[in-house]
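Sequences are here, hints too, so could you generate the full structure?
Protein chains: 2
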Amino acid sequence: MSEPSRTHVHTEVLNANRDYVAVFGDKKDLALPPARGFAILTCMDARLDPAKYAGLSEGDAHVIRNAGGRATDDAIRSLVISHKLLGTKEWFVIHHTNCGMELFSDEIIGDLLEDNLETAAFDGATWSNPKHGNGCAHGHFIKWQTISDNERSVVQDVRRIREHPLVAGHIPIYGYIYDVKTGRINEVKTATEAGKATV
Amino acid sequence: MSEPSRTHVHTEVLNANRDYVAVFGDKKDLALPPARGFAILTCMDARLDPAKYAGLSEGDAHVIRNAGGRATDDAIRSLVISHKLLGTKEWFVIHHTNCGMELFSDEIIGDLLEDNLETAAFDGATWSNPKHGNGCAHGHFIKWQTISDNERSVVQDVRRIREHPLVAGHIPIYGYIYDVKTGRINEVKTATEAGKATV
Chain P
-5 MSEPSRTHVH TEVLNANRDY VAVFGDKKDL ALPPARGFAI LTCMDARLDP AKYAGLSEGD
55 AHVIRNAGGR ATDDAIRSLV ISHKLLGTKE WFVIHHTNCG MELFSDEIIG DLLEDNLETA
115 AFDGATWSNP KHGNGCAHGH FIKWQTISDN ERSVVQDVRR IREHPLVAGH IPIYGYIYDV
175 KTGRINEVKT ATEAGKATV
Chain A
-5 MSEPSRTHVH TEVLNANRDY VAVFGDKKDL ALPPARGFAI LTCMDARLDP AKYAGLSEGD
55 AHVIRNAGGR ATDDAIRSLV ISHKLLGTKE WFVIHHTNCG MELFSDEIIG DLLEDNLETA
115 AFDGATWSNP KHGNGCAHGH FIKWQTISDN ERSVVQDVRR IREHPLVAGH IPIYGYIYDV
175 KTGRINEVKT ATEAGKATV
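So the protein lines, in turn, are chains P and A. Residues in the first sequence are numbered consecutively from -5, following the working numbering. Residues in the second sequence are numbered consecutively from -5, following the working numbering.
Don't read these hints as lab results, they were simulated from the structure. Be careful, since some hints might not be right.
Identical copies carry no separate label here, and so any pair may be met within one copy or between two of them.
[What the hints assert, rightly or not] Simulated pairs of lysine to aspartate or glutamate, EDC-like, Cα-Cα distance not exceeding 16 Å:
| hint | residue 1 | residue 2 |
| --- | --- | --- |
| 1 | K137 | E96 |
| 2 | K183 | D13 |
| 3 | K190 | D100 |
| 4 | K83 | E145 |
| 5 | K137 | E108 |
| 6 | K83 | E112 |
| 7 | K46 | E112 |
| 8 | K137 | D105 |
| 9 | K137 | E52 |
| 10 | K137 | D67 |
| 11 | K183 | D117 |
| 12 | K125 | D105 |
| 13 | K125 | D23 |
| 14 | K137 | E101 |
Here the structure is a predicted model, which is why all the values come from computation and not from measurement.
Right, dumping it as structure tokens:
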């Protein structure tokens, strides 16, 4: 059977994967539970590479990522599995500067999607729909987890995790903001304070 | 003010970050929207490094990760933002072999958490609680997104995204399973077929 036609991106990913397989070596013996016993919750932003900015090798730590690095129910589902079943004992919540989630509101994205589902034009600060039609009102019924104040969002998220009934009190939760201009993670001390172990 | 005492892991992460900052260089100029216009949804598993297995540099692509790499509402929230506001046009769903999510059920984790919140003992296949007491019944009311058949979970997740009312029909969604013994991503052809563009 002939190979299907693939997009340029799809082919590039498969070629990169082939190169990785060629140097994979003894990573085949890595254990399922994270060797260094911690987890990071951070944003999906393309500029962030948690393995690089936090010094992770394969097998070291769980990495959970969503839009904003928010402590959603799904992120907490993942964190509870991470600790209860796979033994992580410390967690980092790492948001970042210039996050897309600071630039819109539930109303803005709801309106954009209601108008149409195509990518909106972005001028670096706001979005507009160049074309119109064939949208969906469903977006107005989703909580998009936008961010109005970066430090505050880290504190809120650390607190939400700290106060969750399925999170063991001895797990410290550290709050940070990654600076996309320097690569540095800067601690949000009030977040780390809110996330300190309670037992 | 003196620095707070930090755990070994916490100090290691800060030291690794210092090294990254030292070589950060021109990554300060990266744009917010992903330069290569795609997103990957994959598992939080510590053995997976999507930047390495898919050949991503900082700025290239969105990476969304949760327990299992499942197409939860939160993952779809992130994907819709990724396309509508930040221009990604192709998506990969990449689960993996030997996933922890294949090894338990909602009932198992619910019972383990109801008994106590400490890390359960893991023998590579199943979990048991060495100690008892101070648990929480809340875990029985969460859908944990466990996986009973790996290929089927990829197909289900690609289909859920494909059929979501806020996902544009022209976005192709590719389904893969990462092999933790080789580093290779193997296509689940029925998933990619289910995820092909509809317009």
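Against the structure, the hints come out as follows:
1. K137 <-> E96: Within. Shortest intra-copy distance 14 Å satisfies the 16 Å Cα cut-off; inter-copy 30 Å does not.
2. K183 <-> D13: The answer is neither: 41 Å in one copy and 22 Å across copies each exceed 16 Å.
3. K190 <-> D100: Result: close neither inside a copy nor across copies, 31 Å intra and 29 Å inter.
4. K83 <-> E145: For K83 and E145, neither the intra-copy (24 Å) nor the inter-copy (31 Å) Cα distance is at most 16 Å.
5. K137 <-> E108: within (15 Å within a copy, 29 Å between copies)
6. K83 <-> E112: Only across copies: K83 and E112 sit 10 Å apart there, 42 Å inside one copy, limit 16 Å.
7. K46 <-> E112: Classified as neither; 33 Å inside a copy, 30 Å across copies.
8. K137 <-> D105: within (13 Å within a copy, 30 Å between copies)
9. K137 <-> E52: neither (33 Å within a copy, 28 Å between copies)
10. K137 <-> D67: Both: 12 Å inside a chain and 10 Å across chains, each within 16 Å.
11. K183 <-> D117: neither (33 Å within a copy, 38 Å between copies)
12. K125 <-> D105: This pair counts as within: shortest intra-copy Cα distance 13 Å, inter-copy 52 Å.
13. K125 <-> D23: The answer is neither: 51 Å in one copy and 30 Å across copies each exceed 16 Å.
14. K137 <-> E101: Close inside one copy (10 Å), not across copies (29 Å); limit 16 Å.
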